[in-house]
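With these hints in hand, go ahead and build the complete structure from the sequences.
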Amino acid sequence: MMRKKFICMAILVALIVTSFIPVTAATPYANYFLTADGWALPTPAAYVPDKIIEFKTVEEGKLKNPKDIFIADNGNIYIADSGNNRIVVLSPEYEFLFDIKGEGPNDPSALSDPTCVYVDPDGTILVVDAGNKRLVEFTERGNFRYSYLTPEDELLGEDFSYQPQKVIKDNRGYIYVTSVGEYRGIILLGPDGEFRNFFGTNRVILNFWDALARLLWSREDRKGQIVNLPYTFSNIYISEDQYVYATTTSTTAQLRKINFAGADVLYDGYNFNDSSIIQGAGQSQVFIDVTVDKNNNMYLIDSTYGRIYLFDEWGQNLFVFGSLGTGYGQYSQPTSIEVDDQGRVYVVDSRTGVITVFKPTAFAQTVHNANKLFSEGDYDESYAQWQKVLDQDNYYRLALQSMGTIHMRKDEFKEAMKLYYEAEDPDLYSTAFEEQRAEFIKRYFSIIATVAVLLLIGISTLVSFMRRRRRKLGPKPEKITWYTPIKNFFKRMVYVARHPIDGFDEIRYEGMGYYGDMFGIMILYVISELLSIVFTSFIYRDGVSLDMIDWGSRIVWALMPWIVVVIVNYGVTTIMYGEGRFRDIIIGGAFCHVPFILTSIPLAILTNVLGRSEAQLFTLANTFISIYVGLMVYFCIKGVHGFHPLKGVVVTILTAVGVTAVSALFMIVYGLAVQMFDFFIQIGKELSYIV
Amino acid sequence: MFDRIKIPKRLITSIIVVLVLIIAVYVAIKVAFGSQHDVKFSKDGINFSDPAPAISAIPNDAELTTVEENSRFRLEYSPSEDLLVVTDLKTGVSFRSWPEATEEEVEYYEKNKNVLQILKSIVFVEYTKSGQEGGTILGINQVPHTKEANKIDGGLQIFYNMTETGIRFAIEFYIHEDGLEVLIPKNGIEETHETAKLASLYVLPYFDSARQEDYGYFVAPDGSGALTRFDANRITNYDSYNKKIYGDDMTFNRLINPDYKSWPITMPVFGIVKENSMITCYIKEGDANASLFIEYPGNKNLPLYSIGFYFRYRQFYLTKLSKGSADYELLEENMTLGDVRQKFYIETTDEAESFSYVDVANKTRELLFETWKTKYGIERKLADNAKSMNVRIFMGDENRWGGALDTLKVMTTFDEVIEMYEELKAKGVEDIRFSIAGWQKDGYYGNITKKFNPDKDFGGKKGFEKLTSWAKENNVEVSFDNNLLLVYGRPKASVPLRSSVVKKPGVHYLQFQSTTSSGVYRRGSDNYVLSPLYYEKKVMAKEIQKLKQMGAAHLDLQQLGDNLFTDYNRYTALLRSQLADKYVKWLKEYTEEFDTISIYYGNSYAVSTADKILNIPTVRSANMVFDETVPFIQIVYHGIIDYYSNPLNNEDDPRFALLRSLEYGAFPSYELTYRPTGDLKYTNYNRLFNSQFSLLIQDVVETYNISEEVLKPLRGEFIVNHYRVPDDGGKYEVYVTEYSNGTKIYVNYGKIGYIIPDTTTTVDAMGYAVVTA
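From first to last, the protein sequence lines are chains G and P. Start counting the first sequence at 0; every next residue gets the next number (numbering that gives the first Met the number 0). Start counting the second sequence at 0; every next residue gets the next number (numbering that gives the first Met the number 0).
These are computed hints drawn from the structure, not numbers from a lab.
Below 20 Å or equal to it, Euclidean Cα-Cα: the simulated EDC-like pairs (lysine to aspartate or glutamate) are:
id : chain 1 : residue 1 : chain 2 : residue 2
1  : G       : Lys50     : P       : Asp652
2  : G       : Lys387    : P       : Asp651
3  : G       : Lys132    : G       : Asp106
4  : G       : Lys50     : P       : Asp626
5  : G       : Lys50     : P       : Asp238
Since this is a predicted model, take the numbers as computed values, not measurements.
So, in structure tokens, the structure goes:
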């Protein structure tokens, strides 16, 4: 056996071609990183194509439909050359060492469609022999040692179909196998090859209607319906710290990082879809493989666009690069990704049978180095490295965040706030802000306290003086000036807000409200809504830059509820014998916005002294205002239409239902109208070809 | 007897109503959707020749016979073997339309007759039988045909008649004192069946082809220039190379995703360099519709490298009937190409390896001069002076969404431009040019149909005028970037969409898509292209007047050197070749009105008239067919036009880019903003990651000093040699550029220093050295 391997080596050594890609070529893909909100921002190239490894024709020919690549601890490269039914082993310098394949069907080494190869730190090679539905263990030199056949266990059930695809082994000797269509999880085998359990079981993801059906109907009633099964695993990898990384067939939970107990860590529920691509190009992504480097950075590859995503161990996106294509540094059908201890990334292309090697640029090396130093706690050196990163990419988010954190550790909160602000990270900004605020209060407490007390005394003195004066002199005689109508308008606004029961009654029966009031209120409402966005602090704006706010749509959305509610309510109350005229409803509806006008700007200003930890205070205030407005709507309906309080409740609920129905109907009608319009255009174009 | 037949009034009324309705529907459809049947292209600048009269016929069973001979070359043709041979009488070196097969190959061809048919085809034909299905590309020998060879005055003529499709055409081969000329006379092309249409022709596909073991290479003007070495290790199973001269035509763009690997071709030329011969193939007519085609061993199951030009008479395009429907591939209705004329300039020698790509470039320069003179009446001369560096100042762009009150992100104002110059001047940087980009209304991607006046946020018209008068007083070259044709968004109301923007064949407006930072097209981009004829008639004069009034003396004009397309709008129909001629005409007008005019990237027709080239490519495409990047276009242009690199600060590796600039003789460029780069994050101009002036000023000063010291003295000199020094087993990566005054620039991209032989000068790793004569 051994002799044969060395003969093979002699033939093949000269036949592996590594094409060096000159550094002169620009990268044939976009280079960018993703912000927490999914924005793609450009970076200098992080990885550049370095080499292409191709096997020239001999015996079975070049790599044929290769499905997996694995780099062992000693740097040797193992490739599952599925189409040629063999495992190929290369040295770290890409020289052919040997291959593993049998001599005829009776040879236990004979492989059929090997889909995965895993190598233990001790050199033991574990191969998924998919065509023979087994796992095969080989010695370090490629000699057959053991074959793990289909596991048997009651838990697996009678209709268990074993189609192993990918395999890994942990440092306890437990083997993890993914099997095609196995939705119950990763098959966990003991060191003896016996079935132990399912690992990292997936959950069924229900959509709204499925969840509703489950709630309303019993299992019996739901018989015959399509059964929703959990997604299955498509690829797995085990990192040095024994976390299992697994890609799934799901379009929403594409990757899971699972600890030894089978629980998700960090990435559970994280949607890895690159929204910056999907919004542009439309097609959803399929993540087909994952690998992890020595610093626990994660490399994820997508087969739809050929993008490679790098995340650090905290889940921050570092870089994105790569694309499908036929040029140097591109691939047509990526199937597997691996990284070696020098940080070079290997991508296997099953269609062309070549392996593309990417090497990190100086920029990427600086980022990795800075990040490593940061996680090791060497902050001074890390800071210098991050500064180098910023010199090349002025808004690289991770650099800004890390440098901010280093300032935080030195109690330099102001500098930290500045960097967090630039990084558009409201959470970290909030922590720095709170520290800075505490320091400010500590330093100026006596002054702040004195000013506050003086202000209180001043205000109360002024109020009591005014009261006394009014008691003594009586109310001021009403003088009519140019601003009297404005004053009265504000008086009416506040009156209705303070006395909604009487107020709405008066609108209907005493003609209190005017169309002018309505316009005035709604204009004020829109202005206050927009200003409140401007005045809201960076933290409470969730880090969204003012540059990103679409003011036009904000205005539309501010007015939309009023218009829809008024129309629906008019419809509902026409059937329910309401007494209110359309005029009353629309004016009354406008008055319901007054609490927002009065409170939104002060609340927004207030956010500038609040941190994230006081968010409940802000939420509470907003909830209170919303409840108050809700009550006003109720009183408006009741008062304007002269309903009994109970009937008012019924009509309010019906209005809410109506608003939902109208919204849904609008969506349907809009969709149909677009299609109908497109249909006419299509007919027109077809006719234009004829005439 | 003949009683009057009484026609009921109602019937007449009904008929009239129906007729009116039919006419109304017809008009509505025509107006709303149009059709390419109505599009009539003018014949300006296109030649339509008849096939030359035959002197005598050559029988189809004839063996290799001499057709024509002059003092330098002999042309032989064998109809029975489909073989064409050109022999240089001086050296005896022959060039065959297909190479003589080796013993091994003979055996292979015996078994694979179809491959032999391909190899022996003197022409490849792309056609469609129904006009609907995709084009079929076949060697002429693979389709049923008859041929008729004639001796004509000065050469050979072959008539082909594809019997199944009724497509007929003639090809003529002429021998001159400097090589072989191929002519496809337009009037010789006939289509006798109603639906079968000719799409393209590719003459002499295997002329002077090469094998893997041969010495030599192909030279392609891809990007800065690229070599395909015959003896290189090559990754197989990849597509052949096929690229349009002068870049893609937006009107026929079929890409699903943006192509990051590709750099356009700027010249209608390629070269074949072999042990003792060199061919420079140059297109004299039909360049705007040509594509360069390169194949390597394995393609079409042939063991050969081959190179040549496809000439496209019609182009395929994708169209859809409705937003949701699938794309249909259709072929242009009418042919859009006249005569085709390409020439193989042949040089041979008895000494081995005496030619290189530098010789091909020198020949190309000579040919370009000739074309510019005969076609445009221009004798190109180097400008009197040029600045050592180009600093592009980016003024601003609109946020993609939102932005409080004003969506424009101001990156630099006109006053700040002056401030930046003063700061640089204080550090000794004086001899530079400023290129002001994005100064118009709403910034860089502002709608050009409302681009004047300069945006008030940058300082408005007053700020602009202040800058231009300051520039004049201080003798500073301040140039203004000007987008002539790309409309970002819809044209404003006063510009009628129907008659002012470019259309694709059929019914659709050309709406080009912008690219996201993540490398995909932005869906639903609503961008248009102003019809060149509309621009010429309605906009250009006003624009020139306005810019002059505001004091602009220098302009950087977009599109003229980097974007060629076809306009299928019936009101403004224009072919690609005609647009190239228009661009030259416009350039002449602009150069008369302004001090200097620069173009971007640098298609050769525009170089004829422009004063400078900005963003000249210094890389090549990532196609597997190429092995080396060379400064081919720089060798052509150095000494006849000044050219500037892409901004160094926005390159992946600025140091590498600087060295490349020095190697290629390109004055360096920077792209700067006064404000922080991050402000551009949410604009469409989010391609910069390091542009803030205050952070880069030191780099600018250092690079400027290098440029002044190294490149400025070489202005006006030709590059006479360029090569890589022996690498000593991969140890060195050092390139040498040699100029006509004897100066040599050494550039070392490697990791260790290199000592220049016979000197004590060391070129540091990632460094350079200048050796003067």
